[in-house]
Amino acid sequence: MDYSIKIGGEAGQGIQTIGDTLARVFSKAGYYVFTHQDYESRIRGGHNFFQIRFSDKPVMASRDKIDILVALDKESIEQHEKELSEYGQIIYDSVTLKQQREKSYFLDIPFVNLAAEHGGNKIMANTVATGAVLGMLGMELDILLDIIKDTFKKKGEDIIKANINAAMAGHDYAVKECIKCSFSAAPISRPRMLIAGNDAIGLGAIASGCKFYAAYPMTPSTGIMEYVASKAKEYGIVIEQAEDEIAAINMTLGASFAGVRAMTGSSGGGFALMVEGLSLAAMTETPIVIALAQRPGPATGFPTRTEQAELQFALYTAHGEFPRVIFAPGTPEQAFYLTNKAFDIAEKYQIPVFILTDQYLADSQWTFDEFDSSKIKYTDYRLRGEAFEKLTEYKRHAFTDNGVSPLGVPGDAKHLVVTDSDEHDEEGHIVEDAETRIKMVNKRLFKKLPLIRKEIEPPSIYGHSNPEIVISGWGSTYGVMKEAVDELSANWDIAMLHFSEVYPLPSINKFNYLKILKDAKMTICIENNATGQFARLIRAETGYTFNRLINRFDGRPFTVESLIGEIDALIR
Amino acid sequence: MPSLDDYKGQNPAWCPGCGNFSILKTFKDAVVELGIEPHQFTIVSGIGQAGKFPHYLKCNTFNGLHGRTLPVATGIRLSNHDMLVIAVAGDGDCYGEGGNHLMHTMRRNINVKLFVHDNQIYGLTKGQASPTSMATDKGGPVTKNQPFGVLSAELNPMALAVALDCSFVARGFAGDAEHLKGLIKDAINHKGFTLVDILQPCVTFNKINTYEWYRQRVYHMEPEYNPEDRIEAFKKALEWGDRIPIGIIYKNNRPIFEERIPVIKDIPLVRQPFDIARIGNTLKEFY
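Line by line, the protein sequences are chains A and B. Residue numbering for the first sequence follows the working numbering, beginning at 1 and increasing consecutively. Residue numbering for the second sequence follows the working numbering, beginning at 1 and increasing consecutively.
Since the hints were made in silico from the structure, they are not lab data. Just so you know, even glycine gets a beta-carbon here, dropped at the ideal spot from N, CA and C. There could be a bad hint or two in this list.
To be verified - Pair by pair, the computed Cβ-Cβ distance ranges are: (1) B:N145 / A:Y378: 35 to 41 angstroms; (2) B:C15 / A:K414: 30 to 36 angstroms; (3) B:E285 / A:E140: 21 to 27 angstroms; (4) B:T210 / A:H319: 49 to 55 angstroms; (5) A:R42 / B:P223: 57 to 63 angstroms.
Modelling step: build the complete structure from the supplied sequences, incorporating the hints.
Set out below in structure tokens:
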């Protein structure tokens, strides 16, 4: 089984509440779940949807065909009726939509009237709809009722009871009236973990001992800040909404200088304002982790949609030459572990490290068996307390064999911690001389770089071990490429080469991915941008040119069918 | 107890006669008299002649970017509120490039001590108008970059600060060291964000607002003046021209930002341990 459900309607109608709740029911029932959201940059109105795919086999991308469409407005029917699968059904409320639909795949469920009648308030229409979907699927209500009890815990028994009645009314109505429903979905295993990209980054930050997060809200990065904020009290984290992104990155650097692990996040436009601060981090060798959640530009672009067009920006932005690391997780699980690795590497080498995601990964939810907290690395590289005090001499930017100078915590010892955005000497004081300059560039850049490069893991390969066709990509396209390989493997010797640690580009010593590419008959680089930025990076760094590019730049993610169609057209 | 010898820093790269020398000497005297040791405080400075200040004494130093002293200082204070954090900036740095940060740092009332070396001109970039330069038609300069004169009205940092209910607002004069030393000490002892605007003659580029020009105008405020009366303070803040008041213009006892953040109420963030074992329970919330 492999079902897709789409909930469509205007902003403010509660699409996300229904979608989140259903996704939780399915993951708790042990299914593999994938959700993605498509929303407009507005608080009310417009057309938004929330799509859930769930299956007894792993799923990690959305399909075009839908089995159940919950249409909260007319627009949802007009836009998505054509996406219905062979046995698909559309549920709607003819009272709300003020129209009756005759075709056999429509099921009119009086969400509002049932809510008023059984829940005592028409506000519970969404609970009715949620119950109805479960009824259509032939699922029991026990999991949903537990979620309702948990969600409305603080609102009291009456509200809980009313919502339970509303859910049951929707469920019973659907069971009775949906004669053509042929779905079947009973709980299959123990609950699975359900998590979105943004939450996974926030979780990874907390698990890494992040104590300070300053940012300015910007879609689609805001969810990271919201998640960290939700844990601020429990974990003792200072979270500050800065007056602008310039302040955000400078506050973060101040916090890091003072001795705590610190992070900031934004999207392209906001990050553009942080760029000078990125250069400051490099010159002062202050560790920092930056989450950059991409959305389509230029300028304000599509505020709520997705694109992978800031790779080259993250790579080359900021004045001067200095080392940086860019991770581009392909799943929330990778986002969790890579955020941890980002904190470790940032502090170990005193450099800026990026977590580069996009709206698609930020907002989509995936299921996993578990995240293994024993894989989390936590080493405090700072020089504190007695260890700092007992030094006879201290120079913040001392020349060392590996280029990494001791990172003292100011105030912990009599030794002074001095740093400067100007070129400086070992003590951190301003200099003008050429000799020190050369030594400092050697220290900051050339000595650290080979060591940093060794930390970078090679790309993952999936599919045929000796492939004729290689599809390659980075970041959030991981899931959809993997599913495409699964389908195309029936007829082709095909494999996926996915990069989640994109810069510095992994060396070929551990795994010679260049040989895989060179040995293949056809290589295709798949990117959610117009120009093939990753393909360009590969060419610049290795000289290898992909045979073909597949680019999608309409602000929407690839779906399984659309990607397979494009690959198929190139290899046939 | 620290002595002046403990505070001997690098050799200043300022012009001979610069008002900054007096501020530097006065600042050292003030911290020595207060018994503060070099490792007990951090100076965050920006870019401009004032930005070099921390190198010319001894202290923890973050000499960052033009205009960005206050956010860095804020980050340090939020991570370690046992640390005395001082921000040093120039008028272009703090009132121009960093104007937005100044406004919001006053709102937060973070316990950072800001000293602005206000010479009403850009020194490091050689003589352009600053936000506090007087407009040309009000007696201000004509500069290379302002060929038609300074057309914008001059910024009044004192009035701005009183309007934003800044916790401590004062003006000093580099040519009146003893008085300035008192202000520096008062600012360090005040609990809350403090702005001390220091009139600092630029002997090279500002031929209008000279030592002589300031000396003819500055006066110590009357002993009966009450800096806790905000309306009176606003009137005082507007005085500029033939007579320029120096001293504490306004102060209040607003609670500081750091004390209002529950997670750092008792222990500074930097001293709080991290227990990785707790993440297990948080992971369960995703099932």
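- CB-CB spacing for K414 of chain A and C15 of chain B relative to the 30 to 36 angstroms hint: The hint (30 to 36 angstroms, Cβ to Cβ) holds, given that C15 of chain B and K414 of chain A are roughly 34 angstroms apart.
- Item | E285 of chain B paired with E140 of chain A, Cβ distance criterion 21 to 27 angstroms | 24 angstroms, holds
- Message: Please check whether R42 of chain A and P223 of chain B have a Cβ separation lying inside 57 to 63 angstroms.
- Response: 60 angstroms, holds
- Satisfaction of the hinted span 49 to 55 angstroms by the C-beta atoms belonging to T210 of chain B and H319 of chain A: 37 angstroms, violated
- Query: Using the C-beta atoms of N145 of chain B and Y378 of chain A, is the stated range 35 to 41 angstroms upheld?
  - Reply: At 52 angstroms between Cβs, range violated.
In the structure shown, a violation is registered for the earlier hints numbered 1, 4, in ascending order.
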